[in-house]
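I would like the entire structure built from these sequences, with the hints used as guidance.
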Amino acid sequence: MAARDQHGPGAPWGKDFHVVGHAQRKVDAMAKATGEAVYTDDIQLPGMLHAKMLRSPHAHARIVSIDTSKAEALPGVHAVLVGSELPIKYGVIPWTPDETALAVDKVRFIGDEVAAVAAVDEDTAQAAVELIEVEYEILDAILDPEQALVTPEPAIHEDRKRRDNISKHVDLSFGDVDAQVAEAAVVIEEDYEFSSNTHTAIEPHCAVAQLGADGRLTLWSATQITHYVHRAIARVLELHPARVRVVQPCLGGAFGGKSDPFSLEFVVSKLAMKTGRPVKMLWTREEVFYAHRGRHAMKMHYRTTATANGMITGVDAKLLIDGGSYSSFGLVTTYYSGQLLTGPYDFPNYRFDSTRVFTNKPPCGPKRGHGSVQPRFAFEVQLDEVAHRLGIDPIEIRRRNFLGDHTTTVNGQRITSNGFLECLDAVEKASGWKERHGKMPFGRGLGVAGSMYISGTNYPIYPNKMPQAGIQIKVDRSGLVTVFTGGNDIGQGSNSMVAYLVAEELGIRPRDVRVVAADTDLCPVDLGAYSSRVTFMVGNAAIDAARKLRKQITESVASHWATAPSEVRMINGVVIDLQDPDRTMSQREAFHLAEEAHDTLGSTGSYNTPTLGGDYRGGSIGASPAYSFTAHIAEVEVDPETGRITVDKVWVAHDCGRALNPTIVAGQIEGSTYMGAGEVVLEEHTMNRFGLHQGPSLLDYRIPTSLDTPDIEAHMVESIDPEGPYGAKEAGEGPLHSTIPAIANAVHDAVGIRLRTLPFHPSKVLRALAEQKPAQEVQA
Amino acid sequence: MLRMPPFTVLNPSTVDEAMEQMLAAAGEARWLAGGTDINPNLKHRLLEPQALIALEGVGELRGVSVNEKGWLRLGAMTTLTEVAEHAQIQAQWPALAQAASLVSGPQLRNMGTIGGNVMLDTRCQWYNQTHFWRKSLGYCMKKDGTECHVIKGGSKCVAAASNDTAPALMTLDAEIEIASGDGRARMPLAELWQADGIWNRKLSPQELLVAIHLPPTAAKHHGAYGKLRDRGSIDFPLFGIAVRLDLDDAGKIAHAALCAVALQARPWPLKKVADALCGTTPGEQDFLDAVEQVAALAAKQCRPMPNIPGDHEYRHAMVPVYTKRTLFAAAAKAGPVHHL
Chain A
1 MAARDQHGPG APWGKDFHVV GHAQRKVDAM AKATGEAVYT DDIQLPGMLH
51 AKMLRSPHAH ARIVSIDTSK AEALPGVHAV LVGSELPIKY GVIPWTPDET
101 ALAVDKVRFI GDEVAAVAAV DEDTAQAAVE LIEVEYEILD AILDPEQALV
151 TPEPAIHEDR KRRDNISKHV DLSFGDVDAQ VAEAAVVIEE DYEFSSNTHT
201 AIEPHCAVAQ LGADGRLTLW SATQITHYVH RAIARVLELH PARVRVVQPC
251 LGGAFGGKSD PFSLEFVVSK LAMKTGRPVK MLWTREEVFY AHRGRHAMKM
301 HYRTTATANG MITGVDAKLL IDGGSYSSFG LVTTYYSGQL LTGPYDFPNY
351 RFDSTRVFTN KPPCGPKRGH GSVQPRFAFE VQLDEVAHRL GIDPIEIRRR
401 NFLGDHTTTV NGQRITSNGF LECLDAVEKA SGWKERHGKM PFGRGLGVAG
451 SMYISGTNYP IYPNKMPQAG IQIKVDRSGL VTVFTGGNDI GQGSNSMVAY
501 LVAEELGIRP RDVRVVAADT DLCPVDLGAY SSRVTFMVGN AAIDAARKLR
551 KQITESVASH WATAPSEVRM INGVVIDLQD PDRTMSQREA FHLAEEAHDT
601 LGSTGSYNTP TLGGDYRGGS IGASPAYSFT AHIAEVEVDP ETGRITVDKV
651 WVAHDCGRAL NPTIVAGQIE GSTYMGAGEV VLEEHTMNRF GLHQGPSLLD
701 YRIPTSLDTP DIEAHMVESI DPEGPYGAKE AGEGPLHSTI PAIANAVHDA
751 VGIRLRTLPF HPSKVLRALA EQKPAQEVQA
Chain C
1 MLRMPPFTVL NPSTVDEAME QMLAAAGEAR WLAGGTDINP NLKHRLLEPQ
51 ALIALEGVGE LRGVSVNEKG WLRLGAMTTL TEVAEHAQIQ AQWPALAQAA
101 SLVSGPQLRN MGTIGGNVML DTRCQWYNQT HFWRKSLGYC MKKDGTECHV
151 IKGGSKCVAA ASNDTAPALM TLDAEIEIAS GDGRARMPLA ELWQADGIWN
201 RKLSPQELLV AIHLPPTAAK HHGAYGKLRD RGSIDFPLFG IAVRLDLDDA
251 GKIAHAALCA VALQARPWPL KKVADALCGT TPGEQDFLDA VEQVAALAAK
301 QCRPMPNIPG DHEYRHAMVP VYTKRTLFAA AAKAGPVHHL
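Chain order of the listed sequences is A and C.
Heads up: the first sequence at position 281 corresponds to 281 in this note's numbering, and the numbers run straight through without jumps.
Heads up: the second sequence at position 188 corresponds to 188 in this note's numbering, and the numbers run straight through without jumps.
Calculated from the structure, these hints are not laboratory results.
Keep in mind that a hint or two might mislead.
Now the in silico label distances, taken between C-beta atoms and shown as ranges [to be verified]:
#: 1; chain 1: A; residue 1: V120; chain 2: C; residue 2: S65; range: 46 to 54 Å
#: 2; chain 1: C; residue 1: L288; chain 2: A; residue 2: L390; range: 42 to 50 Å
#: 3; chain 1: A; residue 1: Y462; chain 2: C; residue 2: V9; range: 52 to 60 Å
#: 4; chain 1: A; residue 1: I166; chain 2: C; residue 2: W199; range: 48 to 56 Å
#: 5; chain 1: C; residue 1: W199; chain 2: A; residue 2: L769; range: 38 to 46 Å
Beta carbons are placed, not taken as given, at the ideal position from N, Cα and C, and that holds for glycine.
Here it is in structure tokens:
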């Protein structure tokens with residue numbers, strides 16, 4: 001069944017691709033450019049009500065009572081909703097359901113949802129929210145992860161089996177790291193810290209629900225996981241899933257920040273059921289900061305042992321992960337923090353001990369490069385330290401430790417294609433590394449780092465044996481082909497990717513393909529846009545479906561022309577007899593012939609991963625059908641007087657398997673690098689001493705402006721993966737990872753300091769420079 | 001998105017009409033200039049006026065002109081873009097043009113006005129937040145509360161003056177023309193301020209800044225503005241310093257002035273500090289020595305507090321660095337001093 005077993009990575013018609021590999025316009029580009037695209041907040045329905053949320057002003061408190069009578073009495077208010085009306089718990093990971101749509105008995109961070117109001121307009125709803133009276137019994141708030149680790153009381157979640165504040169603990173060991181210490185030529189052991197940061201998608205979360213006269217509930221939501229939201233809504237609202245439809249309209253960015261079921265989705269659904277009216281809720285930017293699910297803050301201790309010629313013999317890691325108030329994807333985060341580090345280098349021995357704790361802060365979750373960006377920063381800086389200590393060129397040490405292709409990692413992950421060495425070559429050459437690294441004046445430096453990431457995993461979140469991705473194709477007599485996919489286009493271009501692949505496979509032009517996506521009533525299931533799985537999995541399913549259809553079409557045409565199907569070729573919508581190139585017909589005529597021969601045309605395709613992963617508990621988490629690889633070189637300037645780091649230029653080479661649309665791949669590489677650079681020098685999602693977000697606005701949470709963005713040069717390495725769709729792998733998350741350590745390592749080359757705590761605020765640079773001076777004097 | 005509180009908008013076409021409307025509103029109206037600061041402040045419920053009096057249609061508040069005595073008149077509604085790009089201002093009052101060019105980003109400078117920037121509300125990390133946020137905090141003394149979260153037990157609000165153009169104008173001896181119920185008045189800008197972050201001006205919110213007047217600068221006038229901020233655009237100052245150096249015919253500094261901002265409630269003139277520069281010659285050793293001395297004195301007089309976001313100790317460490325760099329920029333007829 002799995003599509004990977006049926007197609008090679010080659011072109012479907014002859015040796016050349018006609019659509020794939022060429023710059024193509026995105027299917028929705030013009031609609032977005034002109035404002036025609038319909039985002040969730042653009043939806044206006046007759047009689048629609050607007051809803052607002054009451055949020056907790058306390059970081060940790062028990063709810064003693066809620067009095068909604070004044071809010072209900074306000075003219076224009078249609079319904080008030082409190083937590084006891086939606087008590088069923090949910091969570092994106094079925095093993096850790098610890099969220100409710102509205103707080104039932106406790107609030108766990110400042111901003112936690114407590115109650116909601118639906119009214120004739122937003123102002124009335126907001127006025128009513130302020131009339132709700134809540135009596136709280138304030139509990140001690142735990143804001144520091146170190147404190148959470150050792151403080152079982154008060155338990156932030158009281159009804160778990162273990163009564164402490166540990167969200168998840170994973171301790172896995174491969175080989176014997178301790179035994180390597182004695183014989184190692186070099187042992188580097190250091191602490192690293194990664195501060196939390198968040199996605200800042202331009203579109204805030206928004207949801208609209210309508211209960212139809214037929215008893216069916218429709219939810220439009222700015223989500224990247226329609227299928228999981230569908231399941232969660234049915235469960236929490238106690239509706240039969242066949243009477244729930246979830247639709248994702250056009251989406252204004254997500255980056256992982258829309259991959260949980262969110263409170264507002266349940267709330268508008270329940271309010272629509274209570275009032276009989278459509279209900280919309282649009283969150284403010286401040287509310288998006290409270291919804292968070294951003295990058296986990298991590299405190300990381302690493303010890304790397306190596307031989308005199310720089311061969312890694314062991315890596316030992318201990319990580320403390322600040323999860324915030326709920327589990328979200330935390331179980332996976334905790335595994336990913338260790339499981340995804342075992343390439344592109346060969347680790348003969350590896351151990352990690354990761355603990356995720358609960359704190360009274362907005363919940364962390366998956367942000368672009370989920371769980372693995374933080375350890376990648378720590379390890380790549382540490383590897384640079386190993387190289388420096390041994391006097392080995394930092395690129396050379398990475399080459400020497402290369403894992404190889406078609407191999408297995410120490411923790412049992414299967415590696416297929418691996419273009420990491422080509423990535424290193426590309427950035428080395430483009431940056432002038434050999435001539436410039438270590439040779440530039442004080443204050444200017446180059447740094448390198450590498451990384452790998454998954455193209456989806458074989459872990460489907462809830463256990464099932466059905467495909468991870470499905471596709472249906474409908475063929476119209478007009479010549480139009482409509483493709484139905486559950487895949488979520490979150491701006492990354494997955495709908496375009498589906499159109500390109502179906503067009504390539506059928507030999508038609510992308511403009512003759514319409515994609516209908518992310519509508520649970522209309523589209524076959526795809527699990528969603530997370531873990532960089534969509535191109536790989538939906539792409540393979542699309543090829544699978546289109547190839548079956550193509551067979552029907554070519555056979556019908558061949559029969560009509562009395563030739564062999566292999567002599568029928570479709571290119572750009574024209575069908576040609578290879579034996580007699582003057583004999584042609586249009587795709588439309590071909591579709592008619594096929595429909596005559598086969599009855600109404602249609603096709604389905606699917607993808608499921610092969611069995612992957614190590615044979616141990618958690619061995620399948622992080623097991624991907626293919627891994628992408630990246631190398632970054634950053635050039636920085638450090639002002640020793642102000643401590644300011646300016647990232648002037650970043651060269652990045654990414655092994656994406658095959659670039660299905662090079663323009664979109666380059667965009668993903670640049671966007672990832674931009675986001676990583678912001679995480680190094682600016683972004684910090686922190687709570688103050690009261691547990692209040694330091695500045696939940698786009699003024700105070702500082703993402704780089706265009707003026708703060710380095711010049712980025714994106715290179716694509718095409719390793720042509722044997723199992724990817726036409727050889728493609730992911731490109732949306734991998735190219736973020738090594739941006740961060742490359743900049744850190746460039747700072748070392750520039751001024752000789754090792755920065756190990758992110759973000760690199762100028763004050764930290766000045767402190768490190770001041771500490772370095774006396775050390776140099778001692779050495780002298 | 002955050003909702004606006006309800007209010008009406010009045011559109012006067014003359015200063016007299018505007019003043020009548022303001023007086024009729026009995027303290028419940030506020031002026032609306034470019035709106036770039038009052039809009040978020042309204043959404044945050046920092047202000048809850050019943051009416052906004054929009055000054056856009058008041059012709060007298062517009063325009064840049066130089067009179068026969070060489071005085072510059074800036075109508076209060078002149079946009080920051082106009083000030084930053086005005087060739088004569090760049091040539092004769094360079095610190096002002098530079099400061100205006102570094103306020104926020106291009107779109108906001110197209111809307112924001114010089115009058116609005118001078119009269120900007122003070123800023124604080126405990127104040128410039130949404131109503132929900134401030135309510136969760138228990139408010140602060142600047143709005144709805146009694147405590148100061150910057151200085152525990154503090155009795156006075158220390159929200160920071162964050163108006164980039166004010167220090168530049170102060171080094172240039174600006175005068176402001178005010179309309180009030182009693183008619184017109186003119187006063188030195190330096191006398192406008194009071195050390196209270198809740199309201200840092202000696203004028204009431206009902207009085208109207210009509211125009212700013214700047215005396216002509218010396219033939220050998222040098223000026224520059226330096227601004228510390230995290231990003232290359234958008235951000236309010238974490239520290240700002242304006243420099244004025246007037247040279248005599250021999251090339252010696254005859255008059256010098258420095259004024260800082262983003263410290264406490266008032267823009268902060270460094271009066272005696274600048275004296276060390278007088279008599280020195282830019283490019284000569286005596287000037288270099290004086291710059292070192294001035295930078296050290298500035299660091300003593302400027303004590304950033306944890307009122308605005310960011311590390312206040314770092315802001316303090318940057319006082320001598322930005323003071324020096326801005327002095328050198330002024331001497332070289334360069335600037336502004338900014339990390340980009």
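Hint-by-hint comparison with the structure:
1. Between A/V120 and C/S65 the C-beta distance comes to about 51 Å, which sits within the given range of 46 to 54 Å.
2. A hinted range of 42 to 50 Å for the beta carbons of C/L288 and A/L390 is consistent with their spacing of about 45 Å.
3. Distance hint for A/Y462 and C/V9: a CB-CB separation of about 54 Å, consistent with the stated range 52 to 60 Å.
4. Remark: the range hint 48 to 56 Å for A/I166 to C/W199 is upheld by a beta-carbon distance near 50 Å.
5. Between C/W199 and A/L769 the beta carbons are some 41 Å apart, a value that agrees with the proposed interval 38 to 46 Å.
Hint compliance for this structure: every hint is met.
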